[in-house]
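**Student:** Those sequence lines, one after another, are chains F and G.
Heads up: the first sequence begins at 182 in our numbering, then just goes up one per residue.
Heads up: the second sequence begins at 2 in our numbering, then just goes up one per residue.
Please note: incorrect hints may appear among the correct ones.
[Claimed, not checked] With a Cα cut of at most 20 Å, we get these calculated SDA-like pairs of lysine to any residue:
1. K117/G / G167/G
2. K117/G / P375/F
3. K117/G / F221/G
4. K117/G / H214/G
5. K117/G / R200/G
6. K117/G / I6/G
7. K117/G / S5/G
8. K117/G / L168/G
9. K117/G / E611/F
10. K117/G / I144/G
11. K117/G / T136/G
12. K117/G / L51/G
13. K117/G / S228/G
14. K117/G / S337/F
15. K446/F / R341/F
16. K117/G / R142/G
17. K117/G / R338/F
18. K446/F / E548/F
19. K117/G / R341/F
20. K117/G / L189/G
21. K117/G / K446/F
22. K446/F / G457/F
23. K117/G / S339/F
24. K117/G / R3/G
25. K117/G / E435/F
26. K117/G / D342/F
27. K117/G / R185/G
Rather than coming from a laboratory, the hints here were simulated on the basis of the structure.
Single-letter residue listing:
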Amino acid sequence: MAVTGYPRPALAPGESISARIGCIERLSFSYPGSEAEALVDVSLELERGEVALVLGRSGSGKSTLLRSLAGLVPHFHGGRFSGSVSVAGLDTRRTAPAALAGTVATLFQDPEDQIVFDRVASEVSFGPENLGLQPGEVARRVASSLTAVGAEHLFSRSTRDLSGGELQRVCLASALALEPQLLLLDEPTSQLDPEGAAAFLELVGELARERGMAVVLSEQRPALPLEICDRVLFLERGRLLLDAPRAQAIEWLEENAPAFVEPPKAAAKQDADSGGVICELEGIGYAYRPGTPVLENVSLELRSGEIVALAGPNGSGKTTLAKLACGLLEAQQGRALCHGRSGYLSQDPGRYVVCERAEDEVALGIEGDLPRARRWLAELGLERRERRHPRDLSSGERERLGLAAVLATEPDLLVLDEPTRGVDPERKRELGEMLRAGSEGRATLLVSHDLGFTRSVADRIVSLAENGVLVDA
Amino acid sequence: MRPSIALALLGACVVAALVVAHPLSLAILAAALLVLLLQTSWRRARLFLLGIAVSSFGLFLIFPLTAQTGSHPLWNGPILPVIGSIDVTREELAAGAVQTLRLATVALAFALWALKLDHDRLVRETRLARRSVLTVALATRLIPTLERDAAGFVEALRGRGVEVEGLRGRSRLLAPLVASSLERALTLAESMEARGYGRPARARPARSPFSWHERTALAFSLLLVVSSLIWL
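The whole structure should be built from the sequences, with the hints applied where relevant.
**Tutor:** This is the structure in structure tokens:
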């Protein structure tokens, strides 16, 4: 694929060079112990007030690019580093990440793993306190950043009790409290429902323009970020293939990486009555704590051969319903019946790392049948990873390993909880095709915030409202 | 009460538990801490209580078998290589009870540190050894995280038809749990560094004067340590 470069607009007369906040020159980097380069000869400049969207397949170097701008590469990770990265005039090789903290702020992929304190207020004030600000200024920044992300009501809440979406907002507030000139967001909407994701990205765009802050954002659900970004960077195997303004980038993507811009094609719908009933949920109710039901009087029927997508806002009880359907939870009210064997894919791919080798991990659920495990690994494109430790796989590969481990059990009811989290659009397309091809003879319940994916795969979409009521979407 | 005072109180209880030899004094101390622990939510306290009960009972069983004291034998067992004679005397049982109470008291103090103390405030207010206090506070948070991780592993296994049963089944989860904790620790460290942790100039919240009950608690802590050293 040819490298496509678009000329950056020349500085207008009178425009200061200080409009440029970040500069990467001929950056190449490889992680310790790895022969392959994670970034290869990357050069780019970032300007204040712009939102740059970084796209690319899994393992293309998006997160590494963001880490290099935060100085975490090479300071935190080590490895071989050549070229230069400067942010606000500071060379990241000579400036430690902690010293860059007032200039750069990073929001990492998994909000749960970034939490230091028990209370939201303490969490958000951690950064400003590290900067050595006076208590009054710390308090002002905590209040203003929580207000900016619409989370002021969470001020005195415990971080343990927050939903994924709320945690993501608190982590963004923690980053904003540093009042950075460059904000780095690594898949920040991966746990948010479509409405939450749209609001979050809109907020990011507003903050960039209001505060004159540059934002670099990587995403695997590119439809929404493509609407708010000013510029798109596309990475492939560590090389920057595209650096262009939004309109030109969309044209380039349509030609070279269509899965990133084209809405997935809608699935050919199955006749809902074609197969026998595999799972029946009738008047289901469930509460984790007495008096606060997550689900009330929910009924759903899943038939053989159909794929049903379950949508709904964060905290509406989708995962609870999925677990009830496959028998991982027992209904407290109503009746849940599954005719046949069920399989459940957890939304956390980090749960499929019990064994030392990928093939053993898959074989675990099929009484150690290694030939069958290898067949399923090959089916999911992991044929060369059979003997690797599951922890040595990339996040996208771990996701596929989990799927192979569940699919290998050949369940009559397959329940997938957010199977596209962290999966790039091309892999999603392959996953959708595979689910459709194998849907005959089994019922599939797909829990997902990824509307594009669910539309492309599901025969019908049902949605859980916040009060736990199920409606046809 | 500010958490540093509560920590001083718990510290005094631990010192007293390690110094005091009288079983009644130890029992009173353990009972007081248990009452305080039971005032927290049962859901959070039960894991600690289970751990304390199992470890204390285990120590009570093992201690008389491994100790070699006393002249009033209650049971004579075989002589084993390396360990020697396996017998139980009245004195060994009494000493075992004291050691068990000691362990339970220290463990109860730790449970109270984990469940009742405001770690956020403690870390922010600490002026001495802040890094160590933060490390211990983060390590304490690891306990519920491990519990959640273990439940997640069990659920993912059940989701593919593998039931986790018995000690062998659960012990299989130990290595992945430790590895997950290490992975999480790395991510957390990276996130903390990106938020300026480790910079020399760090802001500290303004210090307010001690209230009368904080002064009383501090004096009581001191009294507990001194009295346990002198009289008990």
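**Student:** Identify every previously stated hint that the structure contradicts and give their numbers, smallest first.
**Tutor:** The structure conflicts with hints 1, 2, 5, 8, 9, 13, 15, 18, 20, 21, 22, 25 and 27, although it agrees with all the remaining ones.
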